Amino acid sequence: MDKAIKRYFPVFALPTLVAFTIGFIMPFILGVYLSFCEFTTVTDAKFVGIKNYIRIWGDSTFIHSLWYTALFTIVSVLAINILAFAVAMLLTKGIKGTNIFRTIFFMPNLIGGIILGYIWQLILNGILAGMERTLTYSSSYGFWGLVILMCWQQVGYMMIIYIAGIQNIPGDLIEAAKIDGANNTQLLRHVTLPMVMPSITICSFLTLTNSFKLFDQNLALTAGEPSNKSEMLALNIFNTFYGRNGWEGVGQAKAVVFFILVALIAIVQLRATRDKEVQA
Amino acid sequence: MKKKLLSTVLSAVILTTMLTGCSKEDSTQTQAPAADTKTDDSANKVDDAKTDDTTDNTQTDASTASGGGKVYYLNFKPEQAGDWEELAATYTAETGVEVVVQTAASGTYESTLKSEMAKSEAPTMFQVNGPVGLATWKDYCYDLSGSEVYGQLTSDEFALKDGDEVKGIAYVVETYGLIYNADILNDYFTKDYAVVKSVEEINSFDNLKAVADSIQENADDLGVKGAFTSAGMDSSSDWRFKTHLANLPIYYEYQADGISSTEAIKGTYLENYKNVWDLYITDSVCAPSMLSSKTGEDATADFALGEAVFYQNGTWAYTDLSANGMEDESLGMLPIYIGVDGEENQGLCTGSENYWCVNKNASEEDIQATLDFMNWCVTSHEGCDSLSYVMGFVCPFKEFENYPAANPLVGIANDYVSSGKIPVAWTFTTMPSENWKNGVGSALLEYAQGTGEWSAVETAFVDGWASEYAAVNN
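These protein sequences, in sequence, are chains C and R.
For the first sequence, my numbering assigns the number 1 to the initial residue and increments by one for each residue that follows.
For the second sequence, my numbering assigns the number 1001 to the initial residue and increments by one for each residue that follows.
The following block holds chain C by itself, in its conformation from the complex (with noise of 0.2 Å):
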């Protein structure tokens, strides 16, 4: 059998791998070799170094959108995983309409990102009219306002692994600890937290890139306003790219320190959480 899928491998696997190679690694080795270029469109580049990467350090709204990006993240993983476990415990308790709930939840998390930054956007300026203001009035509205609709959007996705994760402890484990006379956080602590463990991994590493690379709802909700201050990196990207003749391959070398960022960062939080995983 074994042999079998050796032998097979390159008829299966291929089609995927040349998809994989067409779609995503020519792209990528094209985007780093595009970030040493100055070009206007992508086949007529033209060498010139690293003068690119120069260029990214005098540009102040890239160091702003990092740390505006860096504290958004680290609050909306937070948040959506605290949410998103909260809600898994609760609709594995077996209460009336567990499925219902289940689907509810889950259901925003199949709109497309620019139509929900809008939905959001006329929610809440419609709340904001009320002190005759609007997102735009200061880049905290603008933060806390990506803060909820990331919420709303990603608790339900995340919601589900959790609950895959639960419903995965062994009965016989949670038996045993309430004969041993373990009370509910004593369980949560010692069994629940970590069985899930595997689950808190996959749910941050996908929250943490996720917030990381936001885009479509940054870009529909505030667009940057007030003057780039709730503008995040991948918004910073695209305008860097499309804001001024010539400066392409900035946007281009920004693009590959973003991904060097979030590839070092992704990896250390995988790292920090997969250490903490137990076998039943």
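Misleading hints may appear alongside valid ones.
[Said to hold, decoys possible] Here are the computed lysine-lysine pairs in the PhoX-like style, where the Cα-Cα straight-line distance is at most 25 Å:
| no. | chain 1 | residue 1 | chain 2 | residue 2 |
| --- | --- | --- | --- | --- |
| 1 | R | 1138 | C | 46 |
| 2 | R | 1360 | C | 46 |
| 3 | C | 46 | R | 1119 |
| 4 | C | 178 | C | 93 |
| 5 | R | 1119 | R | 1138 |
| 6 | C | 213 | R | 1114 |
| 7 | C | 51 | R | 1138 |
| 8 | R | 1114 | C | 51 |
| 9 | R | 1398 | R | 1421 |
| 10 | R | 1077 | R | 1119 |
| 11 | C | 46 | R | 1114 |
It is worth saying that the hints were derived from the structure and are not from the lab.
Quick caveat, the model's predicted, so the values are computed rather than measured.
Since the structure of chain C is provided, determine the placement of chain R on it from the hints.
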């Protein structure tokens, strides 16, 4: 054994789907050379297409039947997307030359053009918005100086030049100003609180402000919500202020200094810019703090529903206004006065940011086909009729003297010129970058909503110009 058979079948299926997928792609990509090699029998096919005149078939026939070249036009104006496709179909039916028209979504022209130009089937005909746009694309622009369409221009000022080469040709001239609701304004003139008695008397910023202030004060009596429509700073509307309104202080500074572009603006008329902006946001239908959520549609609605008297926009707004139920007689247009000496002779802002360019990297046949198509658009009856009356354009070509505009706002603009008022040129095409406009726009918004000072606008305007100019030009 069965399993083996199954897996072989499965992999065969996968392979065939992959191959058919690829071959399909291939066939479209090789279409161009195939069309070239078939030129021999193409003449017959053209005839077929002409005589049959079966509109459904012509397009597909034409793709292989053209005399070599074909046209791909990347259109800038989404308002006219359908009209261009119809005009292209007419041309194809008449000549058998394939014309593809694609339209970029509002606000995405540059990004669409960037990606389309990188393709092997790149646009043969595209647009730039003026000198700054040309700076990006000049290496792609075919020299039009010997072309027929260039010879059709009524004046050389509508050609966009780079040295001696003609790189772009303006195909539509537009005008903007303060559109007003004549019904409400006439009603206002009869009231005893009216500060002027006729629209001719509104010939300076001070008078405009006095009128606007008294309208705002007596809004309830006049049945309006405010003098001006919402000065929305949503991306669908902010260009009216960060680009079009900003044109006036730049224009007057250029006039004063006798220049037509600069690498460092001084901001001589920024105080005037502030006064107009203050007027727009104070005598308005909405609170200044709400501006960022107001869209272009909101402003159109404010005006078309008779809730506001003044609306800064241009001739292109006519279609939207009449679609929203505005009568032609109720429309008027005033110059945007900003309080500069001698402005009683100021006219409306007239110019173009729509220049046709031809892609010089296209094959010779395609370039020729594109030039022929352009010339046809501005000389044939079908072309002129469509551009003038279907699309509602004012086109600076000789033939169009026989096609007077139907758009009442254009008529008003012409009246200003014939009565000797001096039109304000579109200097905003010299703004150094998109970033500069965005910086000014953000500062205007922050000033309006009370979270920023006017000095931030000054910084974005003056310092921003110098730094953006430096960033783009080194």
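Proposed proximity, residue 93 of chain C with residue 178 of chain C (alpha carbon, max 25 Å): holds, 16 Å
Is the Cα-Cα distance between residue 1077 of chain R and residue 1119 of chain R 25 Å or less? Holds: residue 1077 of chain R and residue 1119 of chain R sit about 22 Å apart, inside 25 Å.
Given the proposed pairing of residue 51 of chain C with residue 1138 of chain R, does the C-alpha separation stay at or below 25 Å? holds, 23 Å
25 Å limit on alpha-carbon distance, applied to hinted pair residue 1119 of chain R and residue 1138 of chain R: Status holds; Cα separation ~18 Å.
Given the hinted pair residue 1114 of chain R and residue 51 of chain C, is their Cα-Cα distance within 25 Å? Cα-Cα ~22 Å, so holds.
Quickly compare the C-alpha distance for residue 46 of chain C and residue 1114 of chain R to 25 Å and report which way the hint goes. holds, 16 Å
Is the straight-line distance between the alpha-carbon of residue 1398 of chain R and that of residue 1421 of chain R 25 Å or less? Holds, at roughly 23 Å.
Is it true that the CA of residue 1138 of chain R sits at most 25 Å from the CA of residue 46 of chain C? holds, 16 Å
Between the alpha carbons of residue 46 of chain C and residue 1119 of chain R, is the straight-line distance 25 Å or under? Given pair residue 46 of chain C, residue 1119 of chain R holds - Cα atoms ~18 Å apart, limit 25 Å.
Given the hint that residue 1360 of chain R pairs with residue 46 of chain C, test it: the Cα-Cα distance must not exceed 25 Å. Holds, because 19 Å separates the two Cα atoms, which is no more than 25 Å.
For a C-alpha distance cap of 25 Å, please report whether residue 213 of chain C and residue 1114 of chain R respect it. Holds: residue 213 of chain C and residue 1114 of chain R sit about 23 Å apart, inside 25 Å.
In this structure, every one of the numbered hints holds.
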